[in-house]
Each structure stands twice: as structure tokens, then as C-alpha cells.
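For reference, the chains in residue letters:
Protein chains: 2
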Amino acid sequence: MAKNAFYAQSGGVTSVINASACGVIETARKHKDKIANVLAGRNGIIGALTEDLIDTSKESDADIAALRYTPSGAFGSCRFKLKDLEKSKREYERLIEIFKAHDIGYFFYNGGGDSADTCYKVSQLSEKMGYPVQAIHVPKTVDNDLPITDTCPGFGSVAKYIAISTREASYDVRSMSKTSTKVFVIEVMGRHAGWIAAAGGLAADEENDIPVVILFPEIPFDQEKFLATVKAKVAKYDYCSVVVSEGAHYPDGKFLAEQGTRDAFGHAQLGGAAPVVADMVRQALGFKFHWAVADYLQRAARHIASGTDVAQAYAVGQAAVELAIKGHNSIMPTIVRKSQNPYKWEVGEAPLSKVANVEKFMPRDFISEDGFGITQACRDYLVPLIQGEEYPPFHNGMPRYVTLKNAPVAKKLPEFKL
Amino acid sequence: MAKNAFYAQSGGVTSVINASACGVIETARKHKDKIANVLAGRNGIIGALTEDLIDTSKESDADIAALRYTPSGAFGSCRFKLKDLEKSKREYERLIEIFKAHDIGYFFYNGGGDSADTCYKVSQLSEKMGYPVQAIHVPKTVDNDLPITDTCPGFGSVAKYIAISTREASYDVRSMSKTSTKVFVIEVMGRHAGWIAAAGGLAADEENDIPVVILFPEIPFDQEKFLATVKAKVAKYDYCSVVVSEGAHYPDGKFLAEQGTRDAFGHAQLGGAAPVVADMVRQALGFKFHWAVADYLQRAARHIASGTDVAQAYAVGQAAVELAIKGHNSIMPTIVRKSQNPYKWEVGEAPLSKVANVEKFMPRDFISEDGFGITQACRDYLVPLIQGEEYPPFHNGMPRYVTLKNAPVAKKLPEFKL
Numbered sequence: 001m002a003k004n005a006f007y008a009q010s011g012g013v014t015s016v017i018n019a020s021a022c023g024v025i026e027t028a029r030k031h032k033d034k035i036a037n038v039l040a041g042r043n044g045i046i047g048a049l050t051e052d053l054i055d056t057s058k059e060s061d062a063d064i065a066a067l068r069y070t071p072s073g074a075f076g077s078c079r080f081k082l083k084d085l086e087k088s089k090r091e092y093e094r095l096i097e098i099f100k101a102h103d104i105g106y107f108f109y110n111g112g113g114d115s116a117d118t119c120y121k122v123s124q125l126s127e128k129m130g131y132p133v134q135a136i137h138v139p140k141t142v143d144n145d146l147p148i149t150d151t152c153p154g155f156g157s158v159a160k161y162i163a164i165s166t167r168e169a170s171y172d173v174r175s176m177s178k179t180s181t182k183v184f185v186i187e188v189m190g191r192h193a194g195w196i197a198a199a200g201g202l203a204a205d206e207e208n209d210i211p212v213v214i215l216f217p218e219i220p221f222d223q224e225k226f227l228a229t230v231k232a233k234v235a236k237y238d239y240c241s242v243v244v245s246e247g248a249h250y251p252d253g254k255f256l257a258e259q260g261t262r263d264a265f266g267h268a269q270l271g272g273a274a275p276v277v278a279d280m281v282r283q284a285l286g287f288k289f290h291w292a293v294a295d296y297l298q299r300a301a302r303h304i305a306s307g308t309d310v311a312q313a314y315a316v317g318q319a320a321v322e323l324a325i326k327g328h329n330s331i332m333p334t335i336v337r338k339s340q341n342p343y344k345w346e347v348g349e350a351p352l353s354k355v356a357n358v359e360k361f362m363p364r365d366f367i368s369e370d371g372f373g374i375t376q377a378c379r380d381y382l383v384p385l386i387q388g389e390e391y392p393p394f395h396n397g398m399p400r401y402v403t404l405k406n407a408p409v410a411k412k413l414p415e416f417k418l
Numbered sequence: 001m002a003k004n005a006f007y008a009q010s011g012g013v014t015s016v017i018n019a020s021a022c023g024v025i026e027t028a029r030k031h032k033d034k035i036a037n038v039l040a041g042r043n044g045i046i047g048a049l050t051e052d053l054i055d056t057s058k059e060s061d062a063d064i065a066a067l068r069y070t071p072s073g074a075f076g077s078c079r080f081k082l083k084d085l086e087k088s089k090r091e092y093e094r095l096i097e098i099f100k101a102h103d104i105g106y107f108f109y110n111g112g113g114d115s116a117d118t119c120y121k122v123s124q125l126s127e128k129m130g131y132p133v134q135a136i137h138v139p140k141t142v143d144n145d146l147p148i149t150d151t152c153p154g155f156g157s158v159a160k161y162i163a164i165s166t167r168e169a170s171y172d173v174r175s176m177s178k179t180s181t182k183v184f185v186i187e188v189m190g191r192h193a194g195w196i197a198a199a200g201g202l203a204a205d206e207e208n209d210i211p212v213v214i215l216f217p218e219i220p221f222d223q224e225k226f227l228a229t230v231k232a233k234v235a236k237y238d239y240c241s242v243v244v245s246e247g248a249h250y251p252d253g254k255f256l257a258e259q260g261t262r263d264a265f266g267h268a269q270l271g272g273a274a275p276v277v278a279d280m281v282r283q284a285l286g287f288k289f290h291w292a293v294a295d296y297l298q299r300a301a302r303h304i305a306s307g308t309d310v311a312q313a314y315a316v317g318q319a320a321v322e323l324a325i326k327g328h329n330s331i332m333p334t335i336v337r338k339s340q341n342p343y344k345w346e347v348g349e350a351p352l353s354k355v356a357n358v359e360k361f362m363p364r365d366f367i368s369e370d371g372f373g374i375t376q377a378c379r380d381y382l383v384p385l386i387q388g389e390e391y392p393p394f395h396n397g398m399p400r401y402v403t404l405k406n407a408p409v410a411k412k413l414p415e416f417k418l
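Line by line, the protein sequences give chains P and Y.
Per the numbering used here, the first sequence starts with residue 1, numbered consecutively.
Per the numbering used here, the second sequence starts with residue 1, numbered consecutively.
Derived from the structure by calculation, the hints contain no laboratory data.
Just to be clear, a hint being listed does not mean it is correct.
A pair counts as met if it fits within one copy or between any two copies, since identical chains are not told apart.
[What the hints assert, rightly or not] Subject to a maximum C-alpha distance of 20 angstroms in a straight line, what follows is the list of computed EDC-like cross-link-like pairs (lysine to aspartate or glutamate): (1) Lys405 with Asp238; (2) Lys178 with Glu415; (3) Lys326 with Glu93; (4) Lys3 with Asp55; (5) Lys58 with Glu359; (6) Lys405 with Asp365; (7) Lys178 with Asp114; (8) Lys405 with Glu206; (9) Lys225 with Glu346; (10) Lys411 with Glu93; (11) Lys405 with Asp209; (12) Lys405 with Asp205; (13) Lys225 with Glu97; (14) Lys326 with Glu206; (15) Lys34 with Glu369; (16) Lys225 with Asp252; (17) Lys32 with Glu389; (18) Lys405 with Glu207; (19) Lys3 with Glu369; (20) Lys81 with Glu97.
Remember, it's a predicted structure, so these values are computed and weren't measured experimentally.
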């Protein structure tokens, strides 16, 4: 008695979230006795609520395979947070109705902390309402802030991009410092957790003595100490690179740059810490500067994705389906680090009750004592995650990514207003 | 009677200027009967003026070969413009003295328009002063604005980076547009010429129907028309990408964003057009936005350099030496497009008298009628330049670039104050 599966992508997309989709769909296609078809939500959970479902059986095996190397969310994502079971009762009940109407027995939700929470609530409610749905959360977030799992698919590729970009730009500044730019500032993502900023520290290694000053969200910004550190680096190297997290903030919680707008989750929409920091350096120290804001480029850069990350993103998608088939519910596949050197990992699992609404920050011992760098422990953690180059195919000088047909499933229920 | 050669890197560096250095040095090493040694200027022409010369014979063949895939200026560059022969007489005469003292018979100057001018003047002066130096300009500029040559080494790789980044970010925005970001703005280099901005147009092709709105420096900014175009794109696609050149400006010449600082050449130091454009869109149309400023990342991104560009950068370095050996003077090797399909090119030459102080802008027929896109003619021109991926070697998840020893040559002359 095969049931259909529902799959949706949630929140900010990554360069490898489609590799997880690929893992889900390819694995489901191998188990037609258990999973008849994978229906995807167009634009995430909104697709489920509005019965805007995509029939993935209309996609060729080749196109599904191409998801492995296509960045972004192939079915569309959304920022739409379901609240608690009382406040969003109407929406949760609608989900169960949709699942009933489309014979959906599996709910695969691919996202970060907020979607883990939604996934957990769906599993609770489906029990209560007597319509059994196995809800499995597929982890994804460039922020790397989910608990229990060693890392989050999406992070390793951003880390690789930021590490490489910081190294490349540092070589550039080093060339220019005699008469021109002495300080280069790059702003990276990471609203609360400094994992991505930490990756900038990988620009330096035994072969590359590059001065990198990192501003973490975990360390309240101390302007005087920061400027003294930049000054000392420039005195020694004649140049310096600064990696500033979008979440870097003053001791009172005020972000270095806040645009004043907020996203659908009520989070402040950030951007612009880099010019603020650059101008601070110019005013206090008089150094010429350049600054970059990587923004979406960092999380979309499939052209330089981490091989480890791609493999892990696929693996959690595959594991989600395999766990579901074995009867598991209300869990999330995790990445378990089995050994450090050589790096070995396997897929484990965590109950959603322990994942939902927990954020994982950089441990203090991953940040150097002065607060501006990474420690060897952090390096040991990060380096395996950026290993391997799994280049996409190129055509005519450009990466050839897939755009799916995304054929709609016929609607069966009355309209639902969001 | 072999003479030494002098080689220096000038102005903003690129991801392939070292490939030209590699071409110069490897070719010189094959002609020891004519070129005894290549002495490099530490930090460009300043290294010559201050007698801060680098003995490249101390570098292994392997390290010189590694320059081919190492971004930035391996010997250091500078922004230091020599004025006309009268105003900078002292500097020009010092150069000739340095050349005499170090038995330098060849002057290879690797840069853009300003350095072509310097190179031209050195060749004029050396004749006047009766100390024969063959001055050959090796073209380099991401701005692609040198005349005569079909393209400038450094440009193809930036074009590839911007084309790929715009495509990747566009896939990202497309995923998010239902509830979140509808407009993504990326700011790119190009102070006067829109060649780099044009490359953003390559994000779209027959397989990728991506809405891209480009703001060229060649087209005075018309806010009303721009906003109407963005609005129409979003109405049709639900999202839109905007590529804005740092040199985009209002009809009165005022840049969309000017930081108020000026570089050593007196050019306004730009940056920050992206947030200005993004905010304009938000205020007028209410769309959620994200913006990125690629800055140095674009010109340092050796990890995704164009194979064509790397080959051409090497070739102009090699040709410079071969032309010098054949007795040429006061010229610049050029790239000549021999055929379009299949793309074939060869190295030609141009007299420096026709190169110095001439800037090449985008022809009007490369820009679409509405001023916000590229034409098929532009596409035909650009596409061959981004062909091929010549990846650097990776070690431990990171590109392995070379840092040279840069051993100094013993000084022979009294100190010279800049």
C-alpha cells in the first residue's frame, strides 16, 4: 500500500539543498512499493497550504540527477513560519487535510531551525488527528546552527567559498598595499552564529601567512581593540583582511549595520556591516580600503561547492527516505563525525523534540583568546568540511544547471487563503 | 651580449596577470643568449625608481610555472602614475639610470592604459638619452578598455565570474521570490566602460530565461525608466536581477554612489552603488531586496578563471619577450580575433603611440535599445572570452597558490626619494 511523499524546501536556499532533494527523490524512486510518488510543495510549505503541489514523477531521471549540482531551491522556497499549534491551528489542520486528500504518508521538510519546529508539530498533530504522517526533517542551513548534527548541509560549501574568496582577495590586497589598499573587508552571512565568519580564517594556513581579523557575532564588538588589532596587523604585514559577520554587534546588541527592515520571521534584515567597518578603519587609521559584501553569491556558489558538503546533503536526503520507510517518525538525519584524521562521517539521527528551537553557536574555544581569530580546534573542525571540488558540468563557459518542469498536481480541495 | 630584462606589474591586479609574468619569465629563460635575467620591480615601477629589484633567477622553474594559476601580483603592484616627460623628468631619468646600472635592455610593463603611456614615454626617452631600451607593454586590465586589442587579459576571467555569479544568485532569488527577495542587485567593477557589467547579461541564455537589468556607465542613469523596467520584469518573472556598474552615473556625471575619496591617479574611489539602487527599488516599488558588492572577489577569483583568458594572458607575456628579442620596441602585443565560430585568436601587435591614453567603451550596438541589456553582437563578442575552466590545483580543500621568495638584487646607486 504505497503512499505519496511530500517534500518541501524552506527558508534561505543553498548551493546544495537540491542535492538533498535529489537524494530524497532518487531514493524514493527506488522504493516504489512504499512511496508511490514525491509531491513537492511549490515555494515550500505555502505550496502545501494552497494545494500548489508539483508532480515530480514528470521529471526525467536525468533532470533529477542534475539537481545534485544545481544551486538554489528547484521547487521554490519560502519564508513562512507556522506558529504554535494553537495560534496556527488552521494551517496545521489544513496540512493534514492536504495530506489526506493526496494520500501523503511522508512529510520531508528540508530546512533549518524554524522548519524543524514545523516538522515536529506536524508529527505531533498528525498523531492527535488520527491521520498518521511520518514527519522527517532534512537539515539545511548555511548558518550551521542546528544542534546535535556535526554540521549542516549547505554550510561546508559557503565555508569553502568564503575561505577561498578571502585568500584570493588577500593575495590581491597584498599586491596593492604599497601605494593603495591596505585593508580589505568582506562581509559574510551568519546572523547569530559565526561559523561562516570563522571560515574566513582558513584563508591562512602553514603555507599562507595571511593576516585575517574576524568579527564574530558571538564576541561583542570592541571598536578600540579592533582598531588596535588592525593597526598591528598592518604594521607587520602592510595589509590586513577583515571578515565581518552580518551579525556582528555592539555590547548593547545593536548590529554594526542594520537596514531597519525585517523578514517574515521578524528577524532584522541585515547588510552593510562591511562599509561601516571600512569607514571606521579609514577614519581612525587613515588606511585605504576596499570592501565586499558576498550576500547571495556565497550561498549560491555551486561552482565551487565542497565535495564533502554535496555528499552529505545528498546523504541526509537519502537517509530521510530510508528512515521513513523503516517506520521512523519525528526525527532528523544528522551528520556524525566518526574520525578526524582521516575524516570519516556517517549519517545518524536525532529526535525532532531535541532539534526544534535550539541554536548552536561557536564554542568559545573555537575563537582565539583575543576574539579576532580561530583556534586549531576550530580549524580541525572546519577543514574536513571544505574538502573536495565537485564541479558542475560546464557548457559554453557557464555551469549548466537544471530548471525543472514543475508540473502541477490537480487540486482536490477548496481554496485556502493564507 | 645578453642584457637583463625588467618586468613590473602596474595598477589593479587580476587573477591572470601572473600568467603573463609566467609567460615573460619562462620565455626569457628559453633565451638566455639574449636575456640574462629578469629583474622584477617590487611593487611595480616604484621598485625600479627606488632600486628595489627582485632577482627572479632565484625562483625555481616550478614556482614560476605556478604563477600561471596564482591570482594577484606576485611581485607587488602599485598605483603610481608618471606624468609627462617634462613634469616627471626626474623619475624618467632615474629609470634610465637604473637600467644602465643593472644592464637592463628590455622593459616589460604589465598594466592598463596608464602604464601603456609610461611604457611609451620610456621608449621615447631612452632614445633621447642614447641608452637603448626596448619597451614593450604587456596588456592587462579587467576593465577591457585598451584599444586595438580584441580583449584585455584579466577581463575574460572577471566576465566569467560575474556571469556565473549573476546566474547563481538569480537561481537563488527565483527560489525566494514568492515570500521574500524579489530583486537582487550586484555591483561590479568598471569605472568608465561597461564591459564587466555586460558580462552579467550572460547569466541568461537559451536554456536560462533570467531577467537581468544592467546599468552601464555608457548609458546615463534614468531612474524612472529603470524603475519601470524592474517593475515590468518582476511582474513577468516575480523576480529580477540588477547588475550595476560602479561607474553608473546620472546624466550630470554624478555617480550613483561616490565615497568621496580619490586614488593616486586622481580617480574617484567608488563603491556602494548596489545599496543605493536596492534602496531606490524598495522605496519606489516596495520589493524586498538583497545586494552584493563583488569588489576584489571578482578580479581575484582565479578559482573560476576563464581558460581562454589564462591562455591569452600567458601568450601576451610570451609574445612580449619574443618581440623584444626580434628587436621590436614601443609596442604592445594584442589579441586578434581570427574567427568567431569556431573562435580562433592569435597574438598581434600595436604601436604604443596608438594605445596610450585611448579608452575603449562598449559600442552602442552592444547595448540593447532600452539601454538595460546586451545585444546578440555583444554576446557573440563575450562568449568566447569566458570559455574553458582552468582550475588551480587544490590542497586540503583550498587552491594552492604560490608566494615567491622575491629575493632582492643588491643596490648600486644612491637612494632616490619618491
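Original post:
Which of the numbered hints are not met once you compare them with the structure shown?
Top reply: 3, 5, 6, 9, 13, 14, 15, 17 and 19
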